[in-house]
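For the record, the sequence lines run as chains Z and H. According to our numbering, the first sequence is numbered sequentially starting from 8. According to our numbering, the second sequence is numbered sequentially starting from 22.
In short, the hints are calculated from the structure, not lab data. Hints are supplied without guarantee of correctness; some may be wrong.
[To be verified] Think about it this way: if two alpha-carbon atoms lie no more than 30 Å apart in a straight line, the pair counts; the simulated DSSO-like pairs of lysine-lysine are:
id : chain 1 : residue 1 : chain 2 : residue 2
1  : H       : K28       : Z       : K115
2  : Z       : K62       : H       : K28
3  : Z       : K62       : Z       : K77
4  : H       : K86       : Z       : K115
5  : Z       : K80       : Z       : K118
[What the hints assert, rightly or not] Computed Cβ-Cβ distance ranges for the label pairs, DEER-style:
id : chain 1 : residue 1 : chain 2 : residue 2 : range
6  : H       : T132      : Z       : K118      : 21 to 27 Å
7  : Z       : Q63       : H       : S22       : 43 to 49 Å
8  : H       : T38       : Z       : K118      : 47 to 53 Å
9  : Z       : Y61       : H       : S30       : 24 to 30 Å
10 : H       : S22       : Z       : N37       : 25 to 31 Å
11 : Z       : E22       : H       : N103      : 43 to 49 Å
12 : Z       : N69       : H       : E122      : 27 to 33 Å
13 : Z       : P123      : H       : P92       : 47 to 53 Å
14 : H       : R36       : Z       : S19       : 38 to 44 Å
15 : Z       : G92       : H       : E122      : 41 to 47 Å
16 : Z       : N37       : H       : S39       : 21 to 27 Å
17 : Z       : M18       : H       : P92       : 42 to 48 Å
Everything numeric in this text was worked out from a predicted model, so none of it was measured. Just so it is clear, CB atoms sit at the ideal spot from N, CA and C, and this is done for glycine as well.
Take a look at the letters that make up each chain.
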Amino acid sequence: AQTVTQSQPEMSVQEAETVTLSCTYDTSENNYYLFWYKQPPSRQMILVIRQEAYKQQNATENRFSVNFQKAAKSFSLKISDSQLGDTAMYFCAFRGDGGSQGNLIFGKGTKLSVKP
Amino acid sequence: SAVISQKPSRDICQRGTSLTIQCQVDSQVTMMFWYRQQPGQSLTLIATANQGSEATYESGFVIDKFPISRPNLTFSTLTVSNMSPEDSSIYLCSGGTNSYEQYFGPGTRLTVT
Numbered sequence: 008a009q010t011v012t013q014s015q016p017e018m019s020v021q022e023a024e025t026v027t028l029s030c031t032y033d034t035s036e037n038n039y040y041l042f043w044y045k046q047p048p049s050r051q052m053i054l055v056i057r058q059e060a061y062k063q064q065n066a067t068e069n070r071f072s073v074n075f076q077k078a079a080k081s082f083s084l085k086i087s088d089s090q091l092g093d094t095a096m097y098f099c100a101f102r103g104d105g106g107s108q109g110n111l112i113f114g115k116g117t118k119l120s121v122k123p
Numbered sequence: 022s023a024v025i026s027q028k029p030s031r032d033i034c035q036r037g038t039s040l041t042i043q044c045q046v047d048s049q050v051t052m053m054f055w056y057r058q059q060p061g062q063s064l065t066l067i068a069t070a071n072q073g074s075e076a077t078y079e080s081g082f083v084i085d086k087f088p089i090s091r092p093n094l095t096f097s098t099l100t101v102s103n104m105s106p107e108d109s110s111i112y113l114c115s116g117g118t119n120s121y122e123q124y125f126g127p128g129t130r131l132t133v134t
């Protein structure tokens, strides 16, 4: 069974600085998809960034980028130039592509606080 | 992308009653799912809502407690039956068309007293 581990329950960062959130996963599948979701206090789950396992190039979306290390099964999220609006819970998620039903498997989340 | 809405956004219910949550997607999606998020916790999959057939439930969740309907490709309902305080959670609907995209509704915050 696939598992997703986020080892940092809480993190904080000063506004405008850079922070990296860690995520590791376990799977026997060769192709899969990885996601980072953001959940602010409004509780709306917002897709931040996604990565296909067969793509070697790390995904980037504006201030958000990932460091995808397939051999190490690691998928960290880097947030550059942190903004107060980045304060939220961040969930790492895995989705298989090997005949699975397509549901996401989530880590326990990291609570990020951006301080002014 | 798909926009997903849920009704109600929140409710307070008495023990022993049932609540039906509606999920509406603004475009046709292949897959729809229902998740539960207990206070301060991560998301746990309840079931996959299958169009025109019975939902597929995860371990620990049963149809009698969480009946699900999905009459078409844009709509699904989840009923929380015979509620107890342990059912107090946020219930989230999600949907997507392929492995690369899955979008979430805003959630329904349920409090059982």
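_Run through the hints listed earlier and report the numbers of any the structure violates, in increasing order._
2, 7, 8, 9, 12, 15, 16
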